Amino acid sequence: MAEVLRLEHLSKKFGNKEVLKDINFSVNSGEIIGYIGSNGAGKSTTIKIILGLIDDYDGDVYVFGEKVKGKHEYKRKIGYVPEISDMYDNLTAYEYIGFIGNLYGLGSLNAVAKAKEMMSVFGIEDAIDGRIHTFSKGMRQKLSIITGMLHNPDILFLDEPLGGIDANSVMVFKEIIQGLKNQGKTIFYSSHILEVVEKLSDRILLLNEGNIVLDGTMDEVREKQSDSTLESIFNDVTGFHDHEMLANKFISAFMS
Amino acid sequence: MEFISLKILDKFQILFNKFGIDYDIMRTILKTKLILDTRRTPVIAEQSKKKSSEKTSLMQGYFFHFIFGVFLAFFIYFIKDEMIRMIYFAGAFFFMTTLYLISDFSFVLLDTKDKNILLTKPLDSKVVSMAKVLHILVYMFRLNSFIAGPSFISIVMLNGAGAIPLLLLEILLMDLLIFLITAFIYLLILRFFDGELLRNIINFIQILLTILVTVGYQIAVRMIDFTDLQNLHYSFEFANFFNPILWFGAPFEIIFNGGTDIYLYVFTVLLIIVPLISFAIYLKLSKKMESLLLKLDGQGNEKPYKHKFELILGKLLTRNETVKQSYHFTNAVLRSDRSLKLKIYPALSTGILLPILMIFNMGMRGQIIEPTGYEYLYLYFNLLILPSVLELTLYSSASKGAYVYVSSGFANLKELYRGILLTVAVRLFVPLLILNSIIYILLFKESFIFDILTFMLASMVVLPLLGKIYFTELPFSMPIDESNQNKSMDKFFVSLGVVACTVILHLVFRKIPMGTWIYTGLLIILIPISWNFITPKIAKKMNKA
Chain A
1 MAEVLRLEHL
11 SKKFGNKEVL
21 KDINFSVNSG
31 EIIGYIGSNG
41 AGKSTTIKII
51 LGLIDDYDGD
61 VYVFGEKVKG
71 KHEYKRKIGY
81 VPEISDMYDN
91 LTAYEYIGFI
101 GNLYGLGSLN
111 AVAKAKEMMS
121 VFGIEDAIDG
131 RIHTFSKGMR
141 QKLSIITGML
151 HNPDILFLDE
161 PLGGIDANSV
171 MVFKEIIQGL
181 KNQGKTIFYS
191 SHILEVVEKL
201 SDRILLLNEG
211 NIVLDGTMDE
221 VREKQSDSTL
231 ESIFNDVTGF
241 HDHEMLANKF
251 ISAFMS
Chain B
1 MEFISLKILD
11 KFQILFNKFG
21 IDYDIMRTIL
31 KTKLILDTRR
41 TPVIAEQSKK
51 KSSEKTSLMQ
61 GYFFHFIFGV
71 FLAFFIYFIK
81 DEMIRMIYFA
91 GAFFFMTTLY
101 LISDFSFVLL
111 DTKDKNILLT
121 KPLDSKVVSM
131 AKVLHILVYM
141 FRLNSFIAGP
151 SFISIVMLNG
161 AGAIPLLLLE
171 ILLMDLLIFL
181 ITAFIYLLIL
191 RFFDGELLRN
201 IINFIQILLT
211 ILVTVGYQIA
221 VRMIDFTDLQ
231 NLHYSFEFAN
241 FFNPILWFGA
251 PFEIIFNGGT
261 DIYLYVFTVL
271 LIIVPLISFA
281 IYLKLSKKME
291 SLLLKLDGQG
301 NEKPYKHKFE
311 LILGKLLTRN
321 ETVKQSYHFT
331 NAVLRSDRSL
341 KLKIYPALST
351 GILLPILMIF
361 NMGMRGQIIE
371 PTGYEYLYLY
381 FNLLILPSVL
391 ELTLYSSASK
401 GAYVYVSSGF
411 ANLKELYRGI
421 LLTVAVRLFV
431 PLLILNSIIY
441 ILLFKESFIF
451 DILTFMLASM
461 VVLPLLGKIY
471 FTELPFSMPI
481 DESNQNKSMD
491 KFFVSLGVVA
501 CTVILHLVFR
511 KIPMGTWIYT
521 GLLIILIPIS
531 WNFITPKIAK
541 KMNKA
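If you're matching them up, the sequences are chains A and B in order.
Here the numbering used here is used: position 154 in the first sequence is 154, and no number is missing along the way.
Here the numbering used here is used: position 344 in the second sequence is 344, and no number is missing along the way.
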């Protein structure tokens, strides 16, 4: 399996806060990486750096062996589905898909034809002529998934892609991810929903306070931490065991 | 949908390609932006109904600019000196266009959405920046046709058709310069600050710029004696090299008046190279700007502030709990909603300046002010900003939050609006009045103290009346980016009528012996009546429902 992504000594500061501290890892084609960590651990920052949205960082990022800083052509090979999708809300889905298709050089008609098929999988094909601002959260996210994959990218960056999506569509989506892996696509999956990450990922990367503290397959990680579920491993590594106490505190406040 | 601006741009395709800009992609982005500009009405149910009114209100939005343009055209037509004529034209043009750009187009310059949509795609940031610049320039050109269109006719009548290409080029260069100056200021702020502080600073700078442009224009105009337009002549000073407004007269002086002075050629060269060099620098820095814009998405470290003064005033001014809560709520919104502040504060700054400018325009004879005894009436110009401010309280960048009015079953809309009026009065209007009063006292000593007091009382009577006119929707319930499209001329003219009535009443009572005392007494009686019995129409409608 060929290496498709490599991060070397990646560090990033926001003001005085060090969000990423000397991150090093590489990803091979056909891998599904579960990229997990607490809120503010630096997951989204890592993805934004790889995508070129943040360019004042230390270290290097390589995509298909090419250093990406200041470049843009490599983005043809990557797709991105963010947690909250910025879209031009006053366009119809048809227009937006056409627009994105043009940006990738697919042509708007081709893009729309392809997207229509993808939309039908998620049951939103009838909404194609509706303006995006009228869409529910789930519909928006489905559209974001479609436009993020429209150009048949080799690496997919998914940052909490399932927000607001109904259970049936989540099942379909999980199948899609497996299917894409079988086609040799690489998936970089960042999420808090550990059950989904556990089921889908070949390899787990756990980010804590800007450091990669765990890197391995699910079996390797289990063995290392002597825990059975990803959730308990996550709790151990991040040192969090107060969930019951905090829940009780909330209920007391709620009842008072 | 095809746009004329794009068709014109198509003619320059080769030029863009020559500079390494992928024209087709840039055109795609620009076209999408122009489509988006034509629609900003998210209420789908009202789409068909609103479409025609959107167009009408857009034209209404430009109505003032057009009136200003016609006035300017007449004015410059009577100026014989080529330099002076173009200085006046360029000054007025700079003033109007900069104001418009700062108040209405900052959101395009500071947009972070674009970056997330476009820069995750395989696009050169140069293409994205160019599309952004052109998007703004297309809008500026549209605005220009209203402001400069009538003057264009004047200048062509005076100088012949040969002036057309020169004027078009100058307008393009002026637009570019205005845009770049604004962009560079933002870039500087973005470079040195972040988070909340940055947003507040941008807010503050925008307000400051509006004031500076207004005052700067007055200074530029004052450099020349106003009294005899026919005999005005320009005389060169070294400092003029640093005033871009003066550069724009030079090519006209050279071509149409045979000017041969060296400074004219220097002005002409500056006029061309400064915008072009600035533009090249902007393109170089635009990627930096895009990454700096990310700071706007970040969290800042704003210090917690307890707003003690606001709390005390809330306790003092009302005993009604709903009014008090509404007062604090409105204060909180006005403190935190920057998009709203961006619209409200420039309007307020105009309010501070209008009376002062009127005094200087009407009362200046040489270096000294000669009071006519009617200067107190200029204070009423302050009231003209209230319609914009009150209308803006219906808008918010978090307009979706307005569902709470319905979901909570809240029915005391009258109190809610009274709280808003109280905030507008205490937070926005009274400080403005105090500032103007101080300036009046400094300029005229004790001459108008009683009139200032009368005016303040009259304002407090008028405020709820204007509220009644403008509170036609739930507070902060409409998206802020629609605030320019829904401006109603009818309401403005009714407000103008109300203000005119108060001006006349003040004037008439002042002529009557003891009239000012009687009028003041009347106003004191009217204030509680006005605040208690005037319920906005929307409140009645909601209460019925």
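A portion of the hints provided could be inaccurate.
[Said to hold, decoys possible] List time: in silico SDA-like cross-link candidates among lysine to any residue, alpha-carbon distance up to 25 Å:
no.	chain 1	residue 1	chain 2	residue 2
1	A	K67	A	G184
2	B	K288	A	M87
3	B	K115	A	G30
4	B	K113	A	H9
5	B	K400	A	M87
6	B	K115	A	T92
7	A	K17	B	K445
8	A	K77	A	S29
9	B	K115	A	N152
10	B	K113	A	N24
11	B	K400	A	G184
12	B	K287	A	I165
13	B	K113	A	S29
14	B	K126	A	G164
15	A	K17	B	K126
16	A	K116	A	K67
17	B	K445	B	G373
Treat the hints as calculated values from the structure; they're not laboratory data.
All values reported here derive from a predicted model rather than from experimental measurement.
Notebook entry, point to check: What are the numbers of the hints the structure violates, in ascending order?
Noted result: 3, 4, 7, 10, 11, 12, 13, 14, 15, 16
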